[in-house]
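Quick note, the sequences are listed as chains A and B, same order. Under the UniProt record's numbering, the residues of the first sequence are numbered 1 to 743, in order. Under the UniProt record's numbering, the residues of the second sequence are numbered 1 to 81, in order.
Calculated directly from the structure, the hints in this document are not laboratory data. For glycine and all other residues, C-beta sits at the position ideal for the given N, C-alpha and C. Mixed in with the good hints there might be a few duds.
Lysine to aspartate or glutamate pairs mimicking EDC-like chemistry, simulated, CA-CA at most 20 angstroms apart [stated by the list, open to error]:
1) A:Lys59 - A:Asp70
2) B:Lys11 - A:Asp310
3) A:Lys62 - A:Glu673
4) B:Lys35 - A:Asp347
5) B:Lys61 - A:Asp150
6) B:Lys35 - A:Asp310
7) A:Lys740 - A:Asp310
8) A:Lys66 - A:Glu54
Incomplete in silico selection of chain B near chain A, CB under 10 angstroms [what the hints assert, rightly or not]:
9) Ile14
10) Pro17
11) Ser36
12) Gly40
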Amino acid sequence: MALDTVAIAQRNPDAVQPFAELGLKPDEYARIKEILGRRPTSSELAMYSVMWSEHCSYKSSKVHLKQFGDKAVKTDALLVGIGENAGVVDVGQGYAVTFKIESHNHPSFIEPYQGAATGVGGIVRDILTMGARPIAVMDPLRFGPADAADTRRVLPGIIAGVGGYGNCLGLPNIGGEVVFDETYIGNPLVNALCVGVMKHSDIKLAKAAGAGNLVVLYGAKTGGDGIGGVSVLASETFDSTGPAKRPAVQVGDPFVEKVLIECSLEIFAEDLVVGIQDLGGAGLSCATSELASGGSGGMKVELDRVPLRDATLSPEEILMSESQERMCAIVEPKHIDRFLEICKKWDVTVTVIGEVTDGERLEITWHGDLIVDVPPRTVAHDGPVYNRPLAKPEYVDRVNAEKVIVPRPSTAGEIKSTVLKLAATPNLADKSWVTSQYDRYVQGNTIQSQPDDSGMVRIDEKTHLGVAIATDANANWSYLNPYEGAKLALAEAARNIATAGAIPLAVTNCLNFGSPEDPGVMWQFAESVRGLADGCLEMGLPVTGGNVSFYNQTGAIAILPTPVIGVLGVIDDVRTRTPMSFDRAGLELYLLGETADDIAGSEWAYMHGQRGGCAPVADLQREMRLIELLVAGRTSQIFTAAHDLSQGGLSASLTEMVLRHNVGADITIANIEVALISESPGRVIVAIDPAKLEQLLALAKKQDIDIVKIGTTGGDNLVINGAVIPLNELRTAHTETFPKLFG
Amino acid sequence: MAKIVVDVMLKPEILDPQGVAVSAALPRLGFTFAKSVRQGKRFEIEVDGEPTPAQLAEVAKAAETLLANPVIETFTVRVEK
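Work out the full structure: start from the sequences and follow the hints.
Now the structure itself:
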């Protein structure tokens with residue numbers, strides 16, 4: 001094969017290059033030529049193509065995501081904002097917390113186990129890169145129908161991959177979601193969240209400042225993983241005896257990552273790095289160009305120094321490789337010996353591959369020949385920006401006008417069968433089959449995990465300071481009204497933090513949508529971003545970062561718009577949290593918030609094939625008052641339990657509460673045809689000792705939140721308006737669904 | 001009675017953590033011959049009589065479906081006397 005160098009590109013400006021096969025549009029290719037003043041070399045073409053891809057450049061979403069900055073609330077809690085690997089939030093007592101969600105949807109469809117596993121590995125390295133010790137992970141997942149053949153192929157592999165990687169790292173998995181819907185068949189969603197903790201002084205950024213500083217690659221060797229698209233270049237440049245088409249699948253090794261985490265933390269503790277970046281999507285192309293443009297811009301890299309797992313890799317492939325478990329650091333020369341020593345101690349492969357220069361170009365050589373000579377900002381940040389056409393899809397008005405017709409429970413028999421059906425439906429059934437494959441308690445700091453409303457971990461063993469995280473998305477509502485859907489998901493995630501008594505602090509997101517080239521999908525996306533930005537502004541919560549995943553569709557069918565919203569909160573003493581359920585008889589149950597006939601987009605409607613109607617309208621002022629009530633109630637220890645109402649409404653929440661500690665309840669509620677199945681937002685069930693009633697009423701009055709007594713706890717049955725549901729029967733219905741489906 | 005053997009290996013470009021671990025352990029135990037090690041798995045399937053081409057094709061299909069993960073692995077089917 002012939003090496004394509006800058007000199008050759010200058011001598012031979014008209015060589016035909018496979019830019020279209022690499023996903024670049026003709027005008028994008030022309031723009032590269034304009035930037036460089038010549039045709040790109042094949043290595044430069046590979047770098048631009050992957051860095052200007054939708055995944056890396058956010059070219060379709062950028063114009064909308066700007067709102068998160070424009071509408072940002074001023075808050076001292078945000079130590080590092082959008083743009084870095086992950087945002088960092090002050091949680092008090094000198095601690096800072098960083099958290100982020102990313103998608104790994106497409107790889108997980110092709111190879112479920114490895115796709116999901118490397119999704120976890122990637123987000124953990126993002127958190128590590130900020131200087132934080134990763135302390136927990138969470139995984140919101142979406143699948144096709146539970147009984148579909150492909151779901152049986154994909155789901156067990158994905159669950160095992162999430163569990164396998166996280167368990168090997170010794171990170172507790174403290175929550176997430178498992179949701180089924182037809183539109184995810186052929187396109188499951190694997191979103192991975194990681195949270196890490198550090199002291200304020202330990203924050204690290206991705207920048208390469210200081211001429212003469214060394215560029216150091218450490219961690220696993222580079223192989224031909226995940227360079228699918230670039231195989232076009234390989235097939236162009238390799239002769240027929242060269243290697244076969246490279247796979248787009250990456251295989252991770254969690255034990256290497258564990259060592260990489262400990263090695264990196266020791267390096268951080270001795271303050272040996274100026275800047276650091278993990279190698280994820282787009283590998284070295286991304287790390288070198290982002291580090292260089294984060295500094296003054298100049299960097300020289302000798303690519304032939306990169307340690308290889310496969311000696312046949314071409315320079316283009318090395319630049320693109322997405323081999324897992326690698327990091328790139330900028331190190332001052334005076335610290336390099338100590339850096340190498342620590343890597344040796346941990347048995348981590350480490351190589352100095354280049355240095356920071358005082359120029360403004362990123363120059364990469366291959367055995368002395370210059371193969372890349374670019375302004376790094378043009379690769380990393382000045383990619384194309386598209387203002388893609390958007391148009392409200394015709395379906396919206398049509399489905400909004402549909403009347404939702406579902407059976408309404410009124411007799412005792414109907415109430416009982418409704419509760420049992422909702423308890424057993426895959427979207428609401430007990431998820432122990434999934435979460436028991438995850439280690440939820442490793443490290444000994446897990447306070448809450450599934451099936452609690454939020455995950456909670458202790459971060460200081462002396463003061464018992466803790467953080468809580470919840471992720472939520474209601475795609476059914478987003479389908480009916482993406483603007484309100486995003487706001488409602490935000491409100492729900494914040495409420496899920498607050499039921500335990502934690503105070504919501506910051507927001508991250510993972511926006512999963514269909515093709516941005518479809519104006520209807522683009523409209524859904526724009527509306528969702530607008531809703532989330534408006535919602536965050538109104539609730540005073542900063543967006544710390546996020547991820548956009550487009551092209552989630554099978555043929556012409558896009559997934560439901562699925563903006564997954566993660567909210568992080570802080571609790572000063574985890575021992576004072578409000579649990580999600582009651583463990584004794586004689587308590588009184590109150591429903592906080594207003595119940596309307598919100599059946600559209602509900603689980604009960606979905607179970608009856610009804611996808612129309614209008615989504616509820618979020619009342620964020622009321623949500624904020626409810627949150628204040630919940631936090632105040634926790635601080636003054638009024639509640640014995642508090643549990644959010646969401647999918648499945650009152651029926652599902654009561655099911656979860658009575659089964660948690662096997663203590664029944666006797667419920668009487670008006671307007672049962674609506675009350676049992678409605679999913680009106682902004683509602684919580686609380687359990688109190690009757691002696692605390694005055695305090696509770698005072699709080700509700702102060703915050704102007706509707707309150708109604710719905711019953712008392714005790715007995716072996718869940719009784720609703722006289723309909724008796726034995727707990728054993730309810731438990732069987734709730735727990736047998738997953739084992740029956742997935743073995 | 002004959003034995004059909006299916007050998008499954010990770011594709012050469014795929015990371016093999018077990019092989020890496022073995023090749024790191026060998027020199028520690030004084031074995032210095034290995035430049036690299038890759039680890040696979042072997043299935044031995046007993047059948048009655050001489051395997052027919054149709055039978056071998058069926059085994060290959062089973063290998064593709066169950067014994068190997070064709071996304072990241074390759075396999076070979078052979079008859080062992």
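Against the structure, the hints:
Taken as a hint, the Lys59 (chain A) and Asp70 (chain A) pair is honoured in the structure, with Cα atoms around 18 angstroms apart against an allowance of 20 angstroms. Note on Lys11 (chain B) and Asp310 (chain A): the hinted pairing holds, with a Cα-Cα distance of about 12 angstroms set against a maximum of 20 angstroms. Of the supplied pair hints, the one linking Lys62 (chain A) and Glu673 (chain A) is violated, its CA atoms being roughly 45 angstroms apart against a limit of 20 angstroms. A distance of roughly 18 angstroms separates the Cα atoms of Lys35 (chain B) and Asp347 (chain A); the hinted pair therefore holds under the 20 angstroms criterion.
Simply put, Lys61 (chain B) and Asp150 (chain A) have alpha-carbon atoms about 19 angstroms apart, close enough for the 20 angstroms limit, and the pair holds. A hinted pair counts as satisfied when its Cα atoms are at most 20 angstroms apart, and Lys35 (chain B) with Asp310 (chain A) qualifies at roughly 12 angstroms. Restraint check for Lys740 (chain A) and Asp310 (chain A): not satisfied, since their Cα atoms lie roughly 44 angstroms apart, outside the 20 angstroms limit. Proposed proximity of Lys66 (chain A) and Glu54 (chain A) is supported: the alpha carbons are some 16 angstroms apart, at most 20 angstroms.
Interface hint status for Ile14 (chain B): upheld, as the beta-carbon distance to the closest one in chain A is roughly 5 angstroms, under 10 angstroms. Taking 10 angstroms as the C-beta contact cut-off toward chain A, the hint placing Pro17 (chain B) at the interface holds, the least distance being around 4 angstroms. The beta carbon of Ser36 (chain B) comes within 9 angstroms of a beta carbon in chain A, closer than 10 angstroms, and the hint placing it at the interface holds. A cut of 10 angstroms between beta carbons decides the hint on Gly40 (chain B): the least distance to chain A is about 14 angstroms, and the hint is violated.
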